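These protein sequence lines map, in sequence, to chains F and L.
Each residue of the first sequence is one higher than the one before, counting from 1 in the UniProt record's numbering.
Each residue of the second sequence is one higher than the one before, counting from 1 in the UniProt record's numbering.
Simulated from the structure, these hints should not be mistaken for lab results.
As the structure is a computational prediction, the values presented were derived from the model and not from experiment.
Watch out, some of these pointers could steer you wrong.
[Claimed, not checked] Restraint-style ranges between C-beta atoms, simulated for each label pair: (1) F:D101 x L:R187: 39 to 45 Å; (2) F:Q87 x L:G13: 33 to 39 Å; (3) L:H57 x F:L107: 53 to 59 Å; (4) L:R17 x F:D101: 48 to 54 Å; (5) F:A133 x L:R221: 41 to 47 Å.
[Said to hold, decoys possible] Negatives, chain L to chain F, calculated, CB over 12 Å: (6) N2; (7) V14; (8) S15; (9) R27; (10) A64; (11) E69; (12) P73; (13) E77; (14) T82; (15) I95; (16) G253; (17) V284; (18) P285.
For each residue, glycine too, the CB sits at the ideal point set by N, CA and C.
2 protein chains.
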Amino acid sequence: MNARLRDVAEHAGVSVRTVSNVVNGFRYVAPDTRTRVQASIDELGYRPNLAARTLRHSRTGLIALVVPEIDSPYFAELAARTVRIAQHRGLTVLIDQTDGDFERERLLLHGKRGQLVDGVLFSPWAVAPADLAARTDTVPLVLLGEHDGPAPVDHVAIDNVAAAREATRHLLATGRRRIAVIGVQPRTLNASARQRLAGYRQELEAFGLAPVVDRERPVRRLHRSDGYQAMLELLDSETPDAVFCFTDQLALGAMRALAERGLSVPDDVAIVGFDDIEDGRYSVPALTTVSPDKDQIASLALDALAAQGKPPRSIIAPHELIVRATT
Amino acid sequence: MNARLRDVAEHAGVSVRTVSNVVNGFRYVAPDTRTRVQASIDELGYRPNLAARTLRHSRTGLIALVVPEIDSPYFAELAARTVRIAQHRGLTVLIDQTDGDFERERLLLHGKRGQLVDGVLFSPWAVAPADLAARTDTVPLVLLGEHDGPAPVDHVAIDNVAAAREATRHLLATGRRRIAVIGVQPRTLNASARQRLAGYRQELEAFGLAPVVDRERPVRRLHRSDGYQAMLELLDSETPDAVFCFTDQLALGAMRALAERGLSVPDDVAIVGFDDIEDGRYSVPALTTVSPDKDQIASLALDALAAQGKPPRSIIAPHELIVRATT
DNA sequence: AACGTGGCATGCCACGTTGCAAACTCGACG
DNA sequence: CGTCGAGTTTGCAACGTGGCATGCCACGTT
């Protein structure tokens, strides 16, 4: 067992309270008392017991980051930034991975984490606004990423419709006309995908083009393999001259399919991705993509957690289209 | 404030202890008492206070995973597996990110986490065995990855020397003779890099080739940009016919440099990486690599944490060479 | 009628910490 | 010389939980 305040107190010949005062830097402690107590602390290797502190303060300094999969590059990069910024603010991040499983998401929403965390940053995959509204847990919650419908919680996201329009506009501006998309979600649940699709359609229509159903390819998940598969299917019907992929991972998978079929990017087919993950910067050719400001997202989300109690807000983080070599 | 055992007790008209018995599934609780208490629990939305439980049991169910950067794909994939396996075992993982900073690593080793975690999985970058030996903290610790010198802690790693020899042997077997490496660490600290270099040299010598100093390229970190840079430098002196990169990220950076210089992989230059990250499976061409069994690493490390108290062991996880299209 | 037994419920306490308020010391001031 | 107050130290209680031991009751046995 580790040394407790009491052990230190006995060792230094003072009261428990005085040791506590030293540990917490209380002002009115005589210099030599402080020195003596500190010596005992060092000698006994005393470390404050965080459980006891937490019990006293009902505050843990922990926040949970809930994501479908931490090894998906977008979430990994977001997690890295969240952890870093949280560290600066004296918070520690605990990772919960749902694998996109509805039941696991629901459990976490409804307080599986108990009093363990001071707040939850939640990147939903399967749960719907209705599930959020039914929440009884009182731990502050901030949603990461798009969601629609009126959910009574803060959420931080970029403007997906605008971003998708910019991506599509860029493809149109470079002369492409047969523009496909990869990343439509079969279930209507994923709001980000829906908004990106909406933006794409809006921009096509604004340009005077009618959407072609066959060019809007669904995927099950957002992995490279899904993009690869969808691209192959797309090529089987008609070869588009551009593909707007709803994530960079899908785009990288699609590019591999194109390479295997001997098609050149961007000469035969232009590609735009979404997320600006590190891999896209080093792919050959380098990927044009919509870049959400991940530092801002993490930072704004932590702000929102800290500011809870106020009426829920929708917070828009900045994004930008980064043109590289695939368009 | 959330409901406490006492609130539930009052609401149900029983003692606090009885509620506790219900919550913990104690045998001797009358069925209708149990029902009544459960109803009160549901109505009040009672959740056990983990801090209090922890204080009582001196066990948190948390373990820390300490890595240089969580968004480096290898660590992201390792973290994903660790989190998943830990969940199965009733543990929650908390991520600490050191950015490879010596001071941050030292702090974590010496108990910054206090009594918050039941164990630490530590993937060191900057700290040396001596720092480990000087550790006073009593929280169980398991090192992930190579380290040499006698450190009095468990560690889990693959056989880096053997793996590097296999990679080199494979390149030799495909007829390559001017084999360079990228990933040597300028400081002698990183043991993995040192062992991979040793394996490479051993295999060359066993084949009757003398190592060429100029072909052993150092890097500062293990990012794509480092591999890119190192490859460019390598091309400025002499074009090797193969490069063994100490991580897949370095390899992907190197491949980008080769593409820019108009060199073909694998025709002009063969590439072998190390880590088997997802990106390498979808790069064009797909990357030949040494694949450490990450599930085994995570699983063995958690076993080792659970089994602490016994004399420290070196645990070897399996690996295999996966031949794809870059060789 | 006394006794034993098994089922069930409860009170007390400790886990390690800190807030609160009181108590004590000592020099300065009227 | 008494009083005041700043500086310093302390004891007590409480945060929410669960281990322990004990108490109580109904029922069956001797």
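Here is what the structure says about each hint:
1. The hinted range of 39 to 45 Å is satisfied by F:D101 and L:R187, whose Cβ atoms lie roughly 43 Å apart.
2. Checked against the hint of 33 to 39 Å, the pair F:Q87 and L:G13 fails, with Cβ atoms roughly 47 Å apart.
3. Under the hint 53 to 59 Å, the C-beta atoms of L:H57 and F:L107, about 22 Å apart, miss the expected range.
4. Distance hint check: the CB atoms of L:R17 and F:D101 are about 36 Å apart, inconsistent with the given range 48 to 54 Å.
5. At roughly 45 Å, the beta-carbon separation of F:A133 and L:R221 lies within the given 41 to 47 Å, and the hint holds.
6. The beta carbon of L:N2 sits about 6 Å from the closest Cβ of chain F, which is not more than 12 Å, so the claim that it is off the interface is violated.
7. The claim that L:V14 is not at the interface with chain F holds, since no C-beta of that chain comes within 12 Å of its own (minimum 22 Å).
8. Remark: the non-interface label on L:S15 is consistent with the geometry, its nearest Cβ contact in chain F lying 21 Å away (cut-off 12 Å).
9. Residue placement check: L:R27 keeps its beta carbon more than 12 Å from all beta carbons of chain F (closest about 24 Å).
10. The Cβ of L:A64 sits about 9 Å from the closest Cβ of chain F, inside the 12 Å cut-off, so the non-interface label is violated.
11. The Cβ of L:E69 does not lie farther than 12 Å from every Cβ of chain F; its closest approach is about 6 Å, which violates its non-interface assignment.
12. Once the 12 Å rule is applied to beta carbons, L:P73 is inconsistent with being away from chain F; the minimum gap is 7 Å.
13. At the 12 Å boundary, the C-beta of L:E77 falls inside the reach of chain F, the nearest C-beta of that chain being 5 Å off.
14. Not every beta carbon of chain F lies more than 12 Å from that of L:T82, the smallest distance being close to 9 Å; the non-interface claim is violated.
15. Once the 12 Å rule is applied to beta carbons, L:I95 is inconsistent with being away from chain F; the minimum gap is 5 Å.
16. Separation of L:G253 from chain F is inadequate, the least Cβ-Cβ distance of about 6 Å not exceeding the 12 Å criterion.
17. Taking the minimum C-beta to C-beta distance to chain F, about 4 Å, the non-interface status of L:V284 is violated against the 12 Å cut.
18. Residue placement check: L:P285 does not keep its beta carbon more than 12 Å from all beta carbons of chain F (closest about 8 Å).
The structure shown violates the earlier hints numbered 2, 3, 4, 6, 10, 11, 12, 13, 14, 15, 16, 17 and 18.
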